[in-house]
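Take the sequence shown: its letter number 562 is residue 562 in the UniProt record's numbering, and every next letter is one higher.
FYI, nobody ran anything at the bench for these hints, they're computed from the structure. A portion of the hints provided could be inaccurate.
Unchecked claim - BS3-like mimics (lysine-lysine), calculated; alpha carbons at most 25 Å apart, straight line:
| no. | residue 1 | residue 2 |
| --- | --- | --- |
| 1 | 596 | 610 |
| 2 | 90 | 75 |
| 3 | 422 | 382 |
| 4 | 488 | 204 |
| 5 | 399 | 101 |
| 6 | 422 | 403 |
| 7 | 170 | 399 |
| 8 | 82 | 103 |
| 9 | 733 | 703 |
| 10 | 204 | 30 |
| 11 | 596 | 170 |
| 12 | 545 | 596 |
| 13 | 140 | 170 |
| 14 | 199 | 422 |
| 15 | 140 | 733 |
| 16 | 488 | 610 |
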Amino acid sequence: EELRMSKPNNFDVQSPFCVLCGRTDDCPEKYGEKRSYVEYNLTVHYYCLLMSSGIWQRGEEDEGVDGFLITDIRKEVNRAAKLKCNICRKKGASIGCVAPKCKRSYHFPCGLQRECIFQFMEDFRSYCWEHRPVQMFTDKEPRGASQCTICLDLVEHLPVYTVLKSPCCKNAWFHRECLQYQALSAGIFFFRCTVCNNKDKFQKEMLRMGIHIPERDASWELEENAYQDLLHCYQHCDVKRCLCKKGRDYNEPDSKWEIKRCQYCGSRGTHLACSSMKSWEQNWECVECRSIFAKSGTYSKRKKRSLATSEMTNGTTCLLEEPPPKSPRQSSGSPRNFLLQSPKIMCQNLSPCSHLELPASNRVTMSLSPVMSNRNWSLRHKHLRVRRREVCNILKELKVEVKTKTTRLNINAENIWSSALKGFRQRNFSPTNTIEVNFSNCRNRSKTNNSAASKHHFFQLLMLHLQNSSLFEGSSGKNLSLDFQAVKENLYFEAGKMIAVSLVHGGPSPGFFSKTLFDCLVHGPENVKPALEDVADVDVAQTIKMIKYANSLSSLQSTLQECCEFLAAAGCLRPVTALCDKNMLVNDILIYHVIKRITLPLESFRQGLKTLGVLEKMQMHPDAFSSILCHKPERLSAETICDLFTIHSSSDVRKVEGANFWMGYLQDVESGESAVTLEDILLFVTGSCYIPSIGFDPEPTIKFLHIGYPIGNRLLNCLELPITKTYQQFKNKMELTIRNTLRVERE
Numbered sequence: 001e002e003l004r005m006s007k008p009n010n011f012d013v014q015s016p017f018c019v020l021c022g023r024t025d026d027c028p029e030k031y032g033e034k035r036s037y038v039e040y041n042l043t044v045h046y047y048c049l050l051m052s053s054g055i056w057q058r059g060e061e062d063e064g065v066d067g068f069l070i071t072d073i074r075k076e077v078n079r080a081a082k083l084k085c086n087i088c089r090k091k092g093a094s095i096g097c098v099a100p101k102c103k104r105s106y107h108f109p110c111g112l113q114r115e116c117i118f119q120f121m122e123d124f125r126s127y128c129w130e131h132r133p134v135q136m137f138t139d140k141e142p143r144g145a146s147q148c149t150i151c152l153d154l155v156e157h158l159p160v161y162t163v164l165k166s167p168c169c170k171n172a173w174f175h176r177e178c179l180q181y182q183a184l185s186a187g188i189f190f191f192r193c194t195v196c197n198n199k200d201k202f203q204k205e206m207l208r209m210g211i212h213i214p215e216r217d218a219s220w221e222l223e224e225n226a227y228q229d230l231l232h233c234y235q236h237c238d239v240k241r242c243l244c245k246k247g248r249d250y251n252e253p254d255s256k257w258e259i260k261r262c263q264y265c266g267s268r269g270t271h272l273a274c275s276s277m278k279s280w281e282q283n284w285e286c287v288e289c290r291s292i293f294a295k296s297g298t299y300s301k302r303k304k305r306s307l308a309t310s311e312m313t314n315g316t317t318c319l320l321e322e323p324p325p326k327s328p329r330q331s332s333g334s335p336r337n338f339l340l341q342s343p344k345i346m347c348q349n350l351s352p353c354s355h356l357e358l359p360a361s362n363r364v365t366m367s368l369s370p371v372m373s374n375r376n377w378s379l380r381h382k383h384l385r386v387r388r389r390e391v392c393n394i395l396k397e398l399k400v401e402v403k404t405k406t407t408r409l410n411i412n413a414e415n416i417w418s419s420a421l422k423g424f425r426q427r428n429f430s431p432t433n434t435i436e437v438n439f440s441n442c443r444n445r446s447k448t449n450n451s452a453a454s455k456h457h458f459f460q461l462l463m464l465h466l467q468n469s470s471l472f473e474g475s476s477g478k479n480l481s482l483d484f485q486a487v488k489e490n491l492y493f494e495a496g497k498m499i500a501v502s503l504v505h506g507g508p509s510p511g512f513f514s515k516t517l518f519d520c521l522v523h524g525p526e527n528v529k530p531a532l533e534d535v536a537d538v539d540v541a542q543t544i545k546m547i548k549y550a551n552s553l554s555s556l557q558s559t560l561q562e563c564c565e566f567l568a569a570a571g572c573l574r575p576v577t578a579l580c581d582k583n584m585l586v587n588d589i590l591i592y593h594v595i596k597r598i599t600l601p602l603e604s605f606r607q608g609l610k611t612l613g614v615l616e617k618m619q620m621h622p623d624a625f626s627s628i629l630c631h632k633p634e635r636l637s638a639e640t641i642c643d644l645f646t647i648h649s650s651s652d653v654r655k656v657e658g659a660n661f662w663m664g665y666l667q668d669v670e671s672g673e674s675a676v677t678l679e680d681i682l683l684f685v686t687g688s689c690y691i692p693s694i695g696f697d698p699e700p701t702i703k704f705l706h707i708g709y710p711i712g713n714r715l716l717n718c719l720e721l722p723i724t725k726t727y728q729q730f731k732n733k734m735e736l737t738i739r740n741t742l743r744v745e746r747e
């Protein structure tokens, strides 16, 4: 009788009511599992029992109801029968607000309806609508709306009960209901931030804000035969003309009618005979994959990109291992031609091609338009220099955070991505520590005076590798690609982090961002309008062109009919009644393909760029950072090197011809009248063949001394030059010393 004291008059025998809340609802997502115990004449919602204020688990797990003793439950029902719910005004309110001096009590379902917070952790506290915990919003928080990364619908950036923001990602917002369903499905082992994959910080905040995370495995792991469909092999011949008389689905192993699947996508097939294949060992690519690889220029390297042959290192698939691109050709009359043939450049896998002062998005193999005058080119060149000096000063401000404590990275130059990823993920790695690099595959360990050279070389190889990795797409001005394996392994975050660390620690300018990618990072994707040039997929680009240049309504409708599957996937399938509708349609397709499709990679990449405060500075100084992220570094010239070095005050330049000899020698090197290059000179003095975005520390200086041969002091970035009587003596000594020094280092 005690358990029935709060039973309503309209009680339905077929739907037993909960002894604590008095409701018959059976909704496990909201109230927990509804359990009935005939032997005790008891029905209770699990959450109602768990959150009740006057009861504790005093028994073992197999006693009573999950450790709640039946006698204790009866006592709790009696206690609650005396308390009136402050929401529905009925008795049986077993849950009370834990805030000091607050006397509100309520049923669990009533509390949910009134937006109370129930914390499913520790001692299972409950807070009423007035005292519930809230998330802090600063004035700098972006207002407006963004996509909930679970349901992909818009969520308003408001401090309300139904909206939650991620504690680890600045621009990640969720619907509370979406998060709760995600938590119930993923369980404690798989519930994490959908953007950056953070688990501990994310779960702690969500538990504080009343999200219940069950202590069990994910629902998809518990479902029997959940992955059975993955064992199904595609068996269908997709070539235009199938020769098999028994049909396209016929498959006879160990014969010419055996079906071979595409080695890349696995979702297309062919009979061996239909594609003139003599044996099963031959590789076959479907038309779609072959077109993508051929048009993107990586068809000849496709075997290295195959996941089937991906190198495994420390459990991480090396999706990004890929050789650097070939250097572009220059005219035979170019004074830089000899540089491209120089073993000093090519042996380091460096690309000396990257010196055109054009935005990455516009950089193609072409000569400058004759309309562009030398004066305009010079002004633009000067403008970029000013911006880069501004970036240099900004990065120096960020470098103040870097401590003298060192972190050593052991790098294998032949496997740059895997070894870099391992180093950045090691437990003792911190972006604020001074980085030392040791190339583990070198025969001789790096000496102290070569540590700077190793670090410069490492960052250069890493940036070059990232530029050509599968994380980015496009010919020169690159956007982020959509690589689900990389999203799963959080590689976009690591890439952003590596670029930020490289900029602050003396690495080169990346220089390969498209304007669209840069604007998404700086101004937010919602404020960016992509162009057709941003589409790297040749098939998608061709489809958009057909829509854009349709000259009649009938041809437009015919084109839309042909690509209806693609439009449906992009959420752009709609009726078209006028030719002018194509403009809005093209714009929507571009926004989907270039921006919305890569929402998760973009946000993860942004989080990585926040390392050391780089992204914040990018947003404060967009024009300055555009000069190093969207433009290739300025090619080295005699003027650049001359401006880079300051003649030391101890040198009496007026009494020697050293300064004139030095400038004359730089001009000879630039014009190709020397066996060394300007990169060699810089490498000889600083250990770097490029000028870092942050500049050199200390700044390079020159001393003219009475010594036999030039000396490059890499600790001080100081070039000590001999005082000679003739220019030819000066030139001979420079070339002999620099060539021999760098040759010994390479060996």
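task: Would you list, in rising numerical order, the hints stated earlier that this structure does not obey?
output: 3, 5 and 15
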